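One letter stands for each residue in the lines below.
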Amino acid sequence: MLWSWDYTLKILPGLLRALPITIAATLAGFAVAAVLGLPLAMLRRSKYKTVSLATRWAVDFIRSTPLLVQLFFIFYALPLYGISLSPFACGVIGLGVHYSTYLSEVYRAGIEAVERGQWEAAVALNFTRAQTWFRVILPQAIPPAIPVMGNYLIAMFKETPLLSAITLVELLQVAKTLGSQSFRYMEPFTLVGLLFLALSYPSSLLIRKAEKRLNRRQSTRR
Amino acid sequence: MGLHMQEKTARPEEAPVPSPIVRYRGVRKSYGELEVLKSIDLDIAPGEKVAVIGPSGSGKTTLARLLMTLEEPTGGTIEVDGELLWHKEVNGRLVRADEKHRHRVRGKIGMVFQHFNLFPHMTILRNVTEAPIHVLKVPPEQAREEAMRMLDKVGLADKADSYPSQLSGGQKQRVAIARALVMHPKVMLFDEVTSALDPELVGEVLKVIRDIAAEGEMAMLLITHEMDFARDVADRVLFTDGGRIVEEGPPDRLFENPRSPRLQSFLSRFRAGSSGGGAGD
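Chains as they are written, first to last, in my numbering: chain A, 1 to 222; chain B, 1 to 281.
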């Protein structure tokens with residue numbers, strides 16, 4: 001099958017129109033993951049054994065089951081219990097919850113990198129537990145975690161084609177439809193690949209740059 | 001153990017023995033099989049300066065960490081200003097107190113650490129104002145004024161806008177002292193505060209502590225390897241070894257006439273090795 005430039009140009013606008021929903025799902029999902037990941041990381045450090053164990057168990061469970069299965073569950077199984085959401089909402093929740101477990105590990109690494117002396121100084125100054133977290137520990141734990149979180153953002157972006165399985169009209173879904181209409185698959189799927197590349201590669205460069213800047217700042221502060 | 005060593009207490013006018021600001025009763029601490037403290041009884045009078053010397057691993061740092069609630073005693077009780085620190089009395093029985101209770105009692109204790117533990121993400125000024133503003137609820141403007149006064153006292157007012165990484169070890173430790181002082185504790189713990197410093201920086205930190213000690217009103221527990229310093233500053237010196245207070249007394253007596261063989265050998269070892277300025281371990 002030969003590559004047709006005419007056809008390529010014809011389908012490009014349609015694919016580009018699907019891009020915003022792909023990006024929106026990624027960003028919204030990431031926001032959910034970032035917000036949910038932090039309390040998961042903090043709960044794992046709870047002094048109550050049951051709380052930290054339960055959190056650990058939940059994190060392991062979600063991480064060890066495929067995202068696609070979780071998406072199907074949210075989209076097809078939850079409505080049986082009266083919870084029926086749009087494909088977009090399902091996608092955001094699915095991506096967000098799944099990736100929150102990864103991000104919680106990233107946060108955890110950042111938290112554990114904070115010296116024990118910082119916790120002790122906070123006790124000596126009589127900060128409450130909450131003040132210790134939000135004034136002393138997290139401001140030190142999160143900045144070093146940001147580049148790693150950026151990598152997860154890109155990884156998540158590349159997983160959005162899974163959302164086509166729950167009928168969200170994102171890039172891959174559009175490409176599939178186009179292909180089935182014209183029986184030309186080469187151009188749509190190549191374009192999908194290129195669009196992903198065009199977004200994720202510059203982003204990864206950006207993250208690398210942020211990482212370098214951060215390292216410089218940390219070396220002057222410590 | 002001797003609780004009447006008040007000869008050099010800062011306030012001789014306070015008639016008989018004032019009730020202690022800190023009282024350890026039968027305090028024990030062990031980690032699994034290892035017993036670090038074996039039944040410590042110790043009273044510290046308000047304003048009294050108590051130095052603790054002893055070999056590494058003798059339990060002297062643990063003594064301070066239990067009082068700061070960084071570690072929980074395995075047995076016994078600690079009272080601060082007449083209130084139990086780790087326990088509460090419920091129907092005549094002692095039960096473990098909750099964090100809320102410890103939070104309240106611990107407000108009377110301050111601590112300066114061996115490794116400074118300044119907050120690296122805050123300026124020097126914010127290091128000193130953060131706790132007064134958020135813990136003591138001092139108005140920010142007032143907290144800044146007091147912090148600047150305190151930084152001036154430790155000779156670092158010009159560093160207010162720097163970050164800890166831009167300071168030398170001696171400067172960091174002086175900031176840490178200022179940070180602890182603005183909380184106005186009744187008892188201040190100094191845990192080997194010069195041990196992590198280059199020898200040429202030890203003097204500036206000790207001078208600051210001497211100045212504070214001279215002001216008198218705050219009790220101090222000084223865990224130290226600096227014998228001359230202990231002798232100058234302390235009203236009373238404790239020698240710990242093997243998890244016990246082996247000997248205690250006024251500094252002159254203790255250093256001139258050590259009674260126990262273990263203190264004698266500790267001091268002689270120390271004198272032999274003190275030219276290097278290091279710790280006796």
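Treat the hints as calculated values from the structure; they're not laboratory data. These numbers were taken from a predicted model, which means no experiment stands behind them. Any given hint might turn out to be false.
Stretches of chain B that chain A covers, calculated by requiring three or more beta carbons in the stretch to come under 8 Å of a beta carbon on chain A [said to hold, decoys possible]: (1) 26-40; (2) 63-75.
Partial pick of chain A residues on the chain B-facing surface, computed with a CB cut under 8 Å [as the list claims (entries may be wrong)]: (3) 126; (4) 132; (5) 135; (6) 200.
C-beta: ideal position from N, C-alpha, C; glycine also.
Against the structure, the hints come out as follows:
1. 26-40: violated (count 0)
2. 63-75: holds (count 3)
3. 126: With a minimum Cβ separation of about 5 Å from chain B (threshold 8 Å), the hint on residue 126(A) holds.
4. 132: Not OK, violated: residue 132(A) not within 8 Å of chain B, min 11 Å.
5. 135: 6 Å, holds
6. 200: 31 Å, violated
The earlier numbered hints that this structure contradicts are 1, 4 and 6.
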